[in-house]
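Chains as they are written, first to last, in the working numbering: chain A, 1 to 420; chain B, 1 to 487; chain C, 1 to 287.
FYI, nobody ran anything at the bench for these hints, they're computed from the structure. Hints may be right or wrong, so weigh each one.
[Stated by the list, open to error] Computed list of lysine-lysine pairs in DSSO-like fashion (alpha-carbon distance at most 30 angstroms, straight line):
(1) C:K64 with B:K404
(2) A:K372 with C:K55
(3) B:K166 with B:K145
(4) A:K183 with A:K397
(5) B:K145 with B:K34
(6) C:K244 with C:K112
(7) A:K315 with C:K221
(8) A:K335 with A:K372
(9) C:K221 with A:K183
(10) B:K134 with C:K112
(11) A:K315 with C:K55
(12) C:K55 with A:K183
(13) B:K134 with B:K40
(14) B:K145 with B:K40
(15) C:K55 with A:K335
(16) B:K144 with B:K34
(17) C:K112 with B:K166
(18) A:K54 with C:K55
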Amino acid sequence: MKLKKVLAPVLAAAMAVSMISGMCVSAESETISLTMWGAEEDQALLGELVEEFKAAYPDQTFDIQIGVESESTAKDTVLTDVEAAADVYSFASDQLYDLVKAGALANLEEVGAALQVAGRTLDDVKSANVEASVEAASVDGNLYAFPRAGDNGYFLYYDSSVLSEEDVASWDSLLAAADAAGKKVGMTLASGWYNASFFYGAGFNTGLNEDGTTTIDWNGTSESGYTGVQVVQAMLGIAGNPAFMAIADGDISNQLASGALCACVSGTWDAITAQEQFGDGYAATKLPTFTIGEDQVQQGSVAGYKFIGVNGYSKNVGWAVVLADFITNEASQQKFFDQRESGPTNNSIIASDAVAENIAIAALAEQSAYSKVQMVGGKYWDPSQTLGELIAQGGLKADDEAGIQAALDTLVEGVTAPVE
Amino acid sequence: MAKKESGNVILAAVRGFFGAIGGFFSSFGTAVAKGDFATKLSLLWLGAGYARRRQYVKAVIMTVLEAAVIWFTFGFALNYVPKFGTLGTVEPEVVFNIETMQNEYNDFDNSFQILLFSLFSFVVWFAAVIVWMKNVMNAYELQKKAERGEHINTFREDLHSYIEEKFHITLLTLPVLGIVVFTFIPILLLIFVAFTNYDQNHMPPSTLFTWTGLSNFLSLFGGGGLTVTFGYAFVRVLGWTLVWAFFATFTTYIGGILLSVLLNSRKTRLPKLWRTLFIVTIAVPQFVSLLLVRNFFSNGGIVNTICANIGLTGFLRNIGLVSTSYIPFLSAPGWAHVMIILINIWIGVPYQMLIATGVLMNLPTDQLESARVDGARPFQVFKSITMPYLLFVTGPALVTDFVKNINNFNVIYLLTESVYTTTNQAMANSQAKEVDLLVTWLFRLTQDYYNYKMASAIGIIVFVICAVFTLIAFNSMIKGDREGTYQ
Amino acid sequence: MEKKMKLKENRTSSIVLHNLLIAVLAFIWLIPIVWLLCTSFSAYSGMNTSTFFPKEWSVAQYVKLFHPDTVAQFPQWFLNTFVIACFTCVISTMFVLMVAYATSVMRFPMRKPLMNMAVILNLFPGMLAMIAVYFTLKSFNLTNSYVGLIMVYSASSGLGYLIAKGFFDTVPRALCEAARIDGCSEARIFWQVILPMSRPIVVYTVISSFLGPWMDFVYAKMILNAGISSKYTVAIGLYKMLDKSLINSYFTQFCAGGVLVSIPISVLFVIMQRFYVEGITGGAVKG
Numbered sequence: 001m002k003l004k005k006v007l008a009p010v011l012a013a014a015m016a017v018s019m020i021s022g023m024c025v026s027a028e029s030e031t032i033s034l035t036m037w038g039a040e041e042d043q044a045l046l047g048e049l050v051e052e053f054k055a056a057y058p059d060q061t062f063d064i065q066i067g068v069e070s071e072s073t074a075k076d077t078v079l080t081d082v083e084a085a086a087d088v089y090s091f092a093s094d095q096l097y098d099l100v101k102a103g104a105l106a107n108l109e110e111v112g113a114a115l116q117v118a119g120r121t122l123d124d125v126k127s128a129n130v131e132a133s134v135e136a137a138s139v140d141g142n143l144y145a146f147p148r149a150g151d152n153g154y155f156l157y158y159d160s161s162v163l164s165e166e167d168v169a170s171w172d173s174l175l176a177a178a179d180a181a182g183k184k185v186g187m188t189l190a191s192g193w194y195n196a197s198f199f200y201g202a203g204f205n206t207g208l209n210e211d212g213t214t215t216i217d218w219n220g221t222s223e224s225g226y227t228g229v230q231v232v233q234a235m236l237g238i239a240g241n242p243a244f245m246a247i248a249d250g251d252i253s254n255q256l257a258s259g260a261l262c263a264c265v266s267g268t269w270d271a272i273t274a275q276e277q278f279g280d281g282y283a284a285t286k287l288p289t290f291t292i293g294e295d296q297v298q299q300g301s302v303a304g305y306k307f308i309g310v311n312g313y314s315k316n317v318g319w320a321v322v323l324a325d326f327i328t329n330e331a332s333q334q335k336f337f338d339q340r341e342s343g344p345t346n347n348s349i350i351a352s353d354a355v356a357e358n359i360a361i362a363a364l365a366e367q368s369a370y371s372k373v374q375m376v377g378g379k380y381w382d383p384s385q386t387l388g389e390l391i392a393q394g395g396l397k398a399d400d401e402a403g404i405q406a407a408l409d410t411l412v413e414g415v416t417a418p419v420e
Numbered sequence: 001m002a003k004k005e006s007g008n009v010i011l012a013a014v015r016g017f018f019g020a021i022g023g024f025f026s027s028f029g030t031a032v033a034k035g036d037f038a039t040k041l042s043l044l045w046l047g048a049g050y051a052r053r054r055q056y057v058k059a060v061i062m063t064v065l066e067a068a069v070i071w072f073t074f075g076f077a078l079n080y081v082p083k084f085g086t087l088g089t090v091e092p093e094v095v096f097n098i099e100t101m102q103n104e105y106n107d108f109d110n111s112f113q114i115l116l117f118s119l120f121s122f123v124v125w126f127a128a129v130i131v132w133m134k135n136v137m138n139a140y141e142l143q144k145k146a147e148r149g150e151h152i153n154t155f156r157e158d159l160h161s162y163i164e165e166k167f168h169i170t171l172l173t174l175p176v177l178g179i180v181v182f183t184f185i186p187i188l189l190l191i192f193v194a195f196t197n198y199d200q201n202h203m204p205p206s207t208l209f210t211w212t213g214l215s216n217f218l219s220l221f222g223g224g225g226l227t228v229t230f231g232y233a234f235v236r237v238l239g240w241t242l243v244w245a246f247f248a249t250f251t252t253y254i255g256g257i258l259l260s261v262l263l264n265s266r267k268t269r270l271p272k273l274w275r276t277l278f279i280v281t282i283a284v285p286q287f288v289s290l291l292l293v294r295n296f297f298s299n300g301g302i303v304n305t306i307c308a309n310i311g312l313t314g315f316l317r318n319i320g321l322v323s324t325s326y327i328p329f330l331s332a333p334g335w336a337h338v339m340i341i342l343i344n345i346w347i348g349v350p351y352q353m354l355i356a357t358g359v360l361m362n363l364p365t366d367q368l369e370s371a372r373v374d375g376a377r378p379f380q381v382f383k384s385i386t387m388p389y390l391l392f393v394t395g396p397a398l399v400t401d402f403v404k405n406i407n408n409f410n411v412i413y414l415l416t417e418s419v420y421t422t423t424n425q426a427m428a429n430s431q432a433k434e435v436d437l438l439v440t441w442l443f444r445l446t447q448d449y450y451n452y453k454m455a456s457a458i459g460i461i462v463f464v465i466c467a468v469f470t471l472i473a474f475n476s477m478i479k480g481d482r483e484g485t486y487q
Numbered sequence: 001m002e003k004k005m006k007l008k009e010n011r012t013s014s015i016v017l018h019n020l021l022i023a024v025l026a027f028i029w030l031i032p033i034v035w036l037l038c039t040s041f042s043a044y045s046g047m048n049t050s051t052f053f054p055k056e057w058s059v060a061q062y063v064k065l066f067h068p069d070t071v072a073q074f075p076q077w078f079l080n081t082f083v084i085a086c087f088t089c090v091i092s093t094m095f096v097l098m099v100a101y102a103t104s105v106m107r108f109p110m111r112k113p114l115m116n117m118a119v120i121l122n123l124f125p126g127m128l129a130m131i132a133v134y135f136t137l138k139s140f141n142l143t144n145s146y147v148g149l150i151m152v153y154s155a156s157s158g159l160g161y162l163i164a165k166g167f168f169d170t171v172p173r174a175l176c177e178a179a180r181i182d183g184c185s186e187a188r189i190f191w192q193v194i195l196p197m198s199r200p201i202v203v204y205t206v207i208s209s210f211l212g213p214w215m216d217f218v219y220a221k222m223i224l225n226a227g228i229s230s231k232y233t234v235a236i237g238l239y240k241m242l243d244k245s246l247i248n249s250y251f252t253q254f255c256a257g258g259v260l261v262s263i264p265i266s267v268l269f270v271i272m273q274r275f276y277v278e279g280i281t282g283g284a285v286k287g
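Working from the sequences, and respecting the hints, build out all of it.
Given below as structure tokens:
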């Protein structure tokens with residue numbers, strides 16, 4: 001590490017010299033072809049940013065194609081054929097580990113030197129973004145992706161014309177008030193990304209080992225002294241309430257639009273739908289507390305990020321790094337916030353008044369005190385989804401403690417199975 | 001004809017295969033033993049025999065072919081085949097070159113490429129050996145002709161034979177080549193993958209995989225596996241696959257016959273209009289119609305809204321059939337199984353109706369007439385004349401349909417993927433669902449979990465099941481004496 | 001007299017009942033199709049889950065289909081699929097008819113073994129071979145290209161020769177013999193004797209191989225994996241519209257696109273089914 005720090009300025013100087021001498025050559029250099037994948041809803045903005053990027057390097061000719069690939073499915077597509085995947089792509093933070101292991105992400109500590117073209121260093125990137133986001137983008141202390149957005153988490157949207165601030169403080173009062181108003185509260189239970197919030201809130205953990213396996217303690221007792229069975233019982237209580245609606249993953253915006261909901265657990269991607277539906281009553285806040293025995297336990301959540309990564313097998317990995325950095329720099333993140341209401345990771349944008357005034361992002365910030373980065377491997381998702389579905393469908397009975405314990409044991413067994 | 005021939009296909013294939021091989025080798029031996037110098041020389045130089053008999057164009061062509069195979073061997077195959085035993089040993093290492101702004105890689109091995117190109121080379125070499133042996137036999141034939149003083153074809157005449165007695169070669173070369181490259185080699189490759197550890201931890205290009213013997217099959221059958229639940233999930237999925245194939249085949253078969261009898265009845269007014277209406281449902285591409293139906297019946301979909309409004313949901317809740325606030329048409333076991341079969345009837349019956357209609361049109365009318373004269377009731381006619389005839393004609397198709405349904409990917413995938421969440425934890429632990437067929441399971445294993453080794457093992461099992469079933473079905477269904485009945 | 005009247009009444013009522021039964025069945029069969037049609041004329045872009053018929057009717061989604069955005073480029077997809085389908089159609093039809101003719105009319109030593117191989121290959125699940133096909137194409141640098149896709153659709157089409165063979169089997173052998181005696185080459189018998197007589201099966205083969213690329217989404221999704229929307233075929237384009245993140249704003253467009261694709265396909269399909277019935281029964285009975 002130390003050696004690198006000493007070497008960096010030396011290298012930089014050497015680079016500067018070679019750059020100047022290289023300028024004459026690069027004037028007639030060949031076209032750099034790059035492909036970039038981003039979410040569908042960001043396409044227009046990405047196109048705009050690419051044009052700016054080209055304008056910033058007039059000496060170099062680029063052929064940059066932009067493809068559609070949702071952040072949530074980027075890993076599936078990339079890993080099918082790493083060599084055919086885009087040079088620069090956007091993905092959700094929970095995919096980082098699998099992507100790194102498959103060589104699908106370039107180690108930025110090695111290729112980050114390319115940023116000299118932009119007159120920047122990797123340390124600039126690290127210091128410009130929230131520390132937690134940089135940490136989430138690193139494996140073994142090596143940075144593997146550029147943080148772009150910090151809004152890949154969830155909180156509570158509600159209609160303040162139906163529910164008061166006191167109502168939304170706890171699930172009990174929330175569901176009671178919703179029931180009284182003849183409306184429903186929606187949340188996705190059949191997803192390990194959402195239903196972990198109850199366990200994290202009660203002090204349980206998950207962890208990721210070096211070999212890609214997951215550690216999980218949900219069948220035992222948490223550091224806060226609650227048992228997994230108690231958490232499931234609390235979830236069953238919520239799911240069994242007639243005012244609660246268990247919604248399939250990704251279906252929340254449909255249900256919001258249908259007008260049946262007065263509150264739902266979701267993230268910034270549903271902000272516009274929620275605004276349209278709730279109108280003047282549009283409000284958002286941290287997640288409510290839930291009841292275990294006598295206690296009110298604050299529901300936790302997952303703090304996820306959206307990263308821009310550079311494919312390790314990119315033909316033009318250097319320019320890909322420069323482009324990825326450009327898409328995630330302060331000016332670009334500002335544009336993402338202005339146009340897409342995307343919560344930034346850049347320190348100075350977060351500090352701005354506009355961000356503080358944004359209802360959804362403010363709620364996310366409020367929830368962030370109770371959120372954690374979800375460290376899990378690929379074997380986590382199916383079993384945890386099934387547990388959520390069991391709870392949502394009432395497949396477990398709250399008074400059958402042994403049955404719940406058995407279900408949790410099976411969950412742990414499946415989640416901790418070796419990767420194959 | 002074709003269908004009858006496929007009767008003892010596999011046994012016949014094995015028998016015929018070895019017989020053919022024996023004959024081939026013995027005539028090759030004769031050619032080598034009894035050949036003159038030119039014939040023997042063509043063991044080394046493929047053009048020798050032709051050149052000796054003044055077939056110079058052919059001699060050149062064979063020489064070029066020989067050179068091509070040699071070039072292929074040294075320029076291509078030998079880069080991969082020697083590593084076939086280990087599937088590669090050199091992992092990739094990368095250095096970033098700031099000058100070129102590009103990554104520089106060492107000369108690393110890619111296990112998948114080694115496997116693929118080795119198999120490719122084996123197939124080419126196999127073909128080359130056949131050509132080589134055949135070539136010597138041809139040279140010997142020419143030699144005999146020359147000895148007997150018979151006419152030896154000019155190149156023109158040789159070419160002409162390709163639209164005459166050798167026309168089948170002209171016809172079959174390209175299609176067979178296509179099948180070999182796009183079906184045969186891929187299947188062969190995936191059979192080999194079932195004996196490796198190609199999975200998420202061993203994924204080229206970044207990591208290598210290697211041979212592991214039978215361990216994948218062991219874990220599939222529940223022994224010494226990585227996941228204890230794999231064997232359990234396998235049995236469950238296999239069970240549903242067979243149940244599905246049975247119901248999917250017979251419901252649509254019987255439904256199709258009933259519908260076609262209904263439509264072809266004399267009582268039907270405007271039969272063409274009705275038939276077209278039914279056909280429209282299958283003319284809409286499946287990915288449209290099935291995705292649509294999936295949303296139609298989704299938990300928050302239109303059918304559920306209607307059922308809730310008319311009180312059906314509440315009623316089902318009261319009698320305990322439903323535990324949720326919606327009817328889980330496609331999201332709970334049992335419900336989903338029944339719905340999938342019903343929806344398959346929806347898209348399958350019109351197809352079978354079409355086939356049955358065609359068959360009914362060819363129904364031997366004399367039998368029908370005499371039955372009518374004898375005063376048989378319509379139902380009796382149907383039972384004792386129409387149905388046996390239909391069964392005879394479409395029986396073999398029934399077997400093919402069963403095999404097709406075992407591999408029916410579209411219906412299950414389009415209806416349940418990303419909608420159905422299993423509540424069976426043991427299956428979830430093996431990434432399977434209650435509604436999965438073996439093929440959809442293996443597809444998910446490759447697409448979402450990159451577990452190619454297990455997917456390949458499952459694929460082989462599917463093949464074995466289909467093969468055994470076809471063998472038994474054909475052998476018991478086609479007994480010799482029935483063949484003449486309807487001719 | 002009275003008895004006759006009663007019989008006739010019975011007949012009329014049974015005819016009414018009979019046709020009513022068909023009508024009810026047709027009604028059930030058409031519900032989802034009607035829903036597709038109605039929804040495609042909805043003014044609301046997401047899925048309408050509260051009423052069967054749209055609350056507001058409009059052709060806006062059809063208009064949108066023809067004004068491409070980054071996701072929906074329907075005219076382009078349609079063109080792409082059409083081009084792919086045309087090439088696939090030509091190659092597959094040729095392959096299928098060639099194999100069918102060779103195995104049906106000609107006699108040569110490898111005939112039986114080849115046919116048995118085909119039966120065995122057909123027993124393997126096609127899904128399994130898909131990954132290997134992908135990497136084979138990749139090593140020829142043919143992924144993300146229409147050439148690759150056309151090859152995938154048509155290269156193995158020879159395996160589906162059985163229906164055409166069944167038909168060729170019914171063509172009287174005497175005809176071929178007569179032509180041979182007249183000095184026709186095998187190639188001419190194929191072109192000028194057998195093919196003209198086999199119009200139903202030729203039309204059937206042409207249409208069914210033309211329809212393949214319109215229906216397939218698995219291979220297309222795998223091979224056109226660069227994520228560039230303008231390169232998609234109709235099937236993957238529409239399939240991606242139902243992505244979780246898109247379904248709410250594209251469901252009606254999906255329906256509209258589905259309707260537009262279905263119209264030409266339905267027409268072809270209705271034509272094809274006529275020939276299909278002729279083709280399949282011709283072969284099966286006289287086998």
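Each hint, compared with the structure:
no.	hint	verdict
1	C:K64 with B:K404	violated (39 angstroms)
2	A:K372 with C:K55	violated (43 angstroms)
3	B:K166 with B:K145	holds (19 angstroms)
4	A:K183 with A:K397	holds (25 angstroms)
5	B:K145 with B:K34	holds (14 angstroms)
6	C:K244 with C:K112	violated (50 angstroms)
7	A:K315 with C:K221	holds (24 angstroms)
8	A:K335 with A:K372	holds (27 angstroms)
9	C:K221 with A:K183	violated (40 angstroms)
10	B:K134 with C:K112	holds (19 angstroms)
11	A:K315 with C:K55	violated (52 angstroms)
12	C:K55 with A:K183	holds (22 angstroms)
13	B:K134 with B:K40	holds (13 angstroms)
14	B:K145 with B:K40	holds (16 angstroms)
15	C:K55 with A:K335	violated (37 angstroms)
16	B:K144 with B:K34	holds (10 angstroms)
17	C:K112 with B:K166	holds (16 angstroms)
18	A:K54 with C:K55	violated (47 angstroms)
Consistency with the previously given hints fails for numbers 1, 2, 6, 9, 11, 15 and 18, ordered from lowest to highest.
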